[in-house]
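Engineer: Starting from the given sequences, assemble the full structure and let the hints guide the process.
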Amino acid sequence: VAGLAAAAGATWPLSVAFWLALLAYIAYSMAMDLFVVIVHRTWYPVPAESMMQTFTRLSTQPRANWPTYQEQGQIAPASSMWAPSCFSIQKWAIDERLLSFSVTVSVYLYVSACLE
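Numbered per the numbering used here, the sequence shown finishes at 121, counting up by one with no gaps.
Just so you know, these hints were derived from the structure itself, not from any lab. Be aware that a few hints might be false.
[What the hints assert, rightly or not] For each label pair, taking beta carbons as the anchor points, the in silico distance ranges come out as:
| hint | residue 1 | residue 2 | range |
| --- | --- | --- | --- |
| 1 | Val116 | Glu76 | 40 to 46 Å |
| 2 | Leu9 | Ile99 | 24 to 30 Å |
| 3 | Ala26 | Leu104 | 39 to 45 Å |
| 4 | Val21 | Thr109 | 27 to 33 Å |
| 5 | Tyr30 | Arg62 | 23 to 29 Å |
| 6 | Thr109 | Arg46 | 39 to 45 Å |
| 7 | Val116 | Gln66 | 35 to 41 Å |
| 8 | Met56 | Ala29 | 20 to 26 Å |
Backbone N, C-alpha and C define an ideal beta-carbon position, used for all residues, glycine too.
Structural biologist: Okay, here's the thing in structure tokens:
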């Protein structure tokens, strides 16, 4: 997107401050994820679990962040997890088409805002 915006005349992709801020954001996000994993390994250790396994468990297992405050049972019955939506009754409104449309509109709005 930055290349398209620069080709269209936007100045923000050429700014060093923008790219430094992006790198700082990525580094901060990685450091905070590592901090959460280290805290969990200290306060809620799981026997024979590696650092990567802790990260995977925290990012994929529901209610893993605060095990003393959250019940570990099933969140909802499996039959109601993927119930049909109000759009699914329309044959043309499948999830992939709706997602493609929303992404296309979002990209259009984002690029339009950058070019103003």
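Engineer: Identify every previously stated hint that the structure contradicts and give their numbers, smallest first.
Structural biologist: Result: hint 3 breaks, nothing else.
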